[in-house]
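Model the full assembly from the supplied sequences, consistent with the hints where possible.
Protein chains: 2
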Amino acid sequence: MSASVSSSPSEEQVDTEGEEQQVKLLTATHDDHGGVIVEMDQPMDSTAFVSILRASISQWRQLEKRGVWIKLPIHLVNLVEAAVKEGFWYHHAEPKYLMLVYWIPEGANTLPANATHRVGIGAFVMNDKREVLVVQERRGKFQGTGIWKIPTGVVEEGEDICAAAVREVKEETGIDSEFVEVLAFRQSHEEFFEKSDLFFVCMLRPLSFDVQKQEAEIEAAEWMPFEEYAAQPFVQNYELSKYIADICLTRIDGEYSGFSPVPISSSFSEEKHNLYLNDRGLKGL
Amino acid sequence: MSASVSSSPSEEQVDTEGEEQQVKLLTATHDDHGGVIVEMDQPMDSTAFVSILRASISQWRQLEKRGVWIKLPIHLVNLVEAAVKEGFWYHHAEPKYLMLVYWIPEGANTLPANATHRVGIGAFVMNDKREVLVVQERRGKFQGTGIWKIPTGVVEEGEDICAAAVREVKEETGIDSEFVEVLAFRQSHEEFFEKSDLFFVCMLRPLSFDVQKQEAEIEAAEWMPFEEYAAQPFVQNYELSKYIADICLTRIDGEYSGFSPVPISSSFSEEKHNLYLNDRGLKGL
Numbered sequence: 001m002s003a004s005v006s007s008s009p010s011e012e013q014v015d016t017e018g019e020e021q022q023v024k025l026l027t028a029t030h031d032d033h034g035g036v037i038v039e040m041d042q043p044m045d046s047t048a049f050v051s052i053l054r055a056s057i058s059q060w061r062q063l064e065k066r067g068v069w070i071k072l073p074i075h076l077v078n079l080v081e082a083a084v085k086e087g088f089w090y091h092h093a094e095p096k097y098l099m100l101v102y103w104i105p106e107g108a109n110t111l112p113a114n115a116t117h118r119v120g121i122g123a124f125v126m127n128d129k130r131e132v133l134v135v136q137e138r139r140g141k142f143q144g145t146g147i148w149k150i151p152t153g154v155v156e157e158g159e160d161i162c163a164a165a166v167r168e169v170k171e172e173t174g175i176d177s178e179f180v181e182v183l184a185f186r187q188s189h190e191e192f193f194e195k196s197d198l199f200f201v202c203m204l205r206p207l208s209f210d211v212q213k214q215e216a217e218i219e220a221a222e223w224m225p226f227e228e229y230a231a232q233p234f235v236q237n238y239e240l241s242k243y244i245a246d247i248c249l250t251r252i253d254g255e256y257s258g259f260s261p262v263p264i265s266s267s268f269s270e271e272k273h274n275l276y277l278n279d280r281g282l283k284g285l
Numbered sequence: 001m002s003a004s005v006s007s008s009p010s011e012e013q014v015d016t017e018g019e020e021q022q023v024k025l026l027t028a029t030h031d032d033h034g035g036v037i038v039e040m041d042q043p044m045d046s047t048a049f050v051s052i053l054r055a056s057i058s059q060w061r062q063l064e065k066r067g068v069w070i071k072l073p074i075h076l077v078n079l080v081e082a083a084v085k086e087g088f089w090y091h092h093a094e095p096k097y098l099m100l101v102y103w104i105p106e107g108a109n110t111l112p113a114n115a116t117h118r119v120g121i122g123a124f125v126m127n128d129k130r131e132v133l134v135v136q137e138r139r140g141k142f143q144g145t146g147i148w149k150i151p152t153g154v155v156e157e158g159e160d161i162c163a164a165a166v167r168e169v170k171e172e173t174g175i176d177s178e179f180v181e182v183l184a185f186r187q188s189h190e191e192f193f194e195k196s197d198l199f200f201v202c203m204l205r206p207l208s209f210d211v212q213k214q215e216a217e218i219e220a221a222e223w224m225p226f227e228e229y230a231a232q233p234f235v236q237n238y239e240l241s242k243y244i245a246d247i248c249l250t251r252i253d254g255e256y257s258g259f260s261p262v263p264i265s266s267s268f269s270e271e272k273h274n275l276y277l278n279d280r281g282l283k284g285l
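Read top to bottom, the protein sequences are chains A and B.
UniProt numbering numbers the first residue of the first sequence as 1 and each following residue consecutively.
UniProt numbering numbers the first residue of the second sequence as 1 and each following residue consecutively.
No lab work stands behind these hints: they were computed from the structure.
These figures come from a predicted structure and were not determined experimentally.
Fair warning: there could be bad hints in the mix.
No copy labels: a pair is met if it fits in one copy or bridges any two.
[Said to hold, decoys possible] No more than 16 Å apart at the CA atoms, straight line, and that leaves these computed lysine to aspartate or glutamate pairs for EDC-like:
{"hint": "1", "residue 1": "K272", "residue 2": "D197"}
{"hint": "2", "residue 1": "K71", "residue 2": "E94"}
{"hint": "3", "residue 1": "K213", "residue 2": "D176"}
{"hint": "4", "residue 1": "K242", "residue 2": "E228"}
{"hint": "5", "residue 1": "K272", "residue 2": "E190"}
{"hint": "6", "residue 1": "K71", "residue 2": "E194"}
Structural data, given as structure tokens:
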């Protein structure tokens, strides 16, 4: 569906069905799937809202519209209950807004699902002395364990995986780096409420070497000989860490190839997106 | 944070501060990050809710708690406005509930972000005659274009990428298949409101060959000679399709290796999750 929305979500005056009476309707933009999108902004009394909403849905039904999306900023929280009582349900929410949705046709809806995955990265950074960049975390399940791990973090909304890996390394350790490739990824479920998680193990090349740890989240950070890192019981006993260590070692020795990013155009816009592929496998082309 | 929640989200009687007075508090479970999680279920008047909520937050503040999560099922929509007026904001929502959150300490919160990505798959399935399984879609941007494309779909909540690819091929074309590997993936942004998208190009091996197209979404489905598929202007002119065709051809000819899934244990449970890695690169180990 289209993400384009009206910038003036006020009401509009519409002359319905040739009658003289003027009925207020919600301003909506139309998406590519026969739906309408309403972005509310102006404060409104919930009784007035219900009346305008009913008239609007009646018109959209005549127009054989399908999904109705209402984006309610949090300052219009007074309208949430009214919309739900009119048959809307929650689609998704972000700190500043709630997206409500309604399905006009008979039968099951074909509305797109909400975002289902959080995305994280782990960053494997090695210097010329075969030392790996490792940290001890101040918070979370590794706090106080003495475990040295590779820097990890969450990919922010709208952020590229490769950019997130470079950013997390810089934030946690002060080290500048450039992205090389995705070595592997893990998909897991129900990590956070009902949501799933995709964790990308990334290899980066260091561009600076002086470790400056972040105070808030990181207890300690240093370059550690790879063998010392890999010998930790945490790495040896925990299947994911063991695989990561094995993959990284194989990669350093030149046997393994991961996926590296190639910027490509999207079909319908000039924007570039990264396609991650095995470019050693493709190089023959 | 922990996803474990109380199964009995009723109020509890707590004797506060040694006084005689009994104050009702919300039942909460404690997460690993110093936060509390409240799962509401029983209908409640919003005035009573505000009073109990204030008393509860006051106690949690004394206990030096940090984040407060309130999961409100949609039938308790009458409490949303009250919670927001008490300083809560939206964290995420699903059709049947809204998750509200509040941060007790001074300073910026360190609450985990909402899910940021939708995940989709494209399925490349080829038979022994070098024919690729292709479809024409009834809806969306490819409707009426005559374009033959590989089956695609959205990974459902809690579903493995490899399972989603097998499911979509079966649903759209009736073909049984087994998952081989992820050939490449694309990350794009703002595909759907503010959310990002991860699209995994998957290779599958067909286990049956009689095409039975799905009526609702698919206009046509067939086995098409690879060269005919790849010669379409859509494939040649659209960078993503061109790369997919090139990668698939290289893969068929044995030069390319993608990531195949290996089930691994998680560190803190017996559950298995898939790690996708280049097993041809690792096979020396």
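Hint check, failures only = Of the numbered hints given earlier, the structure breaks none, since each of them holds.
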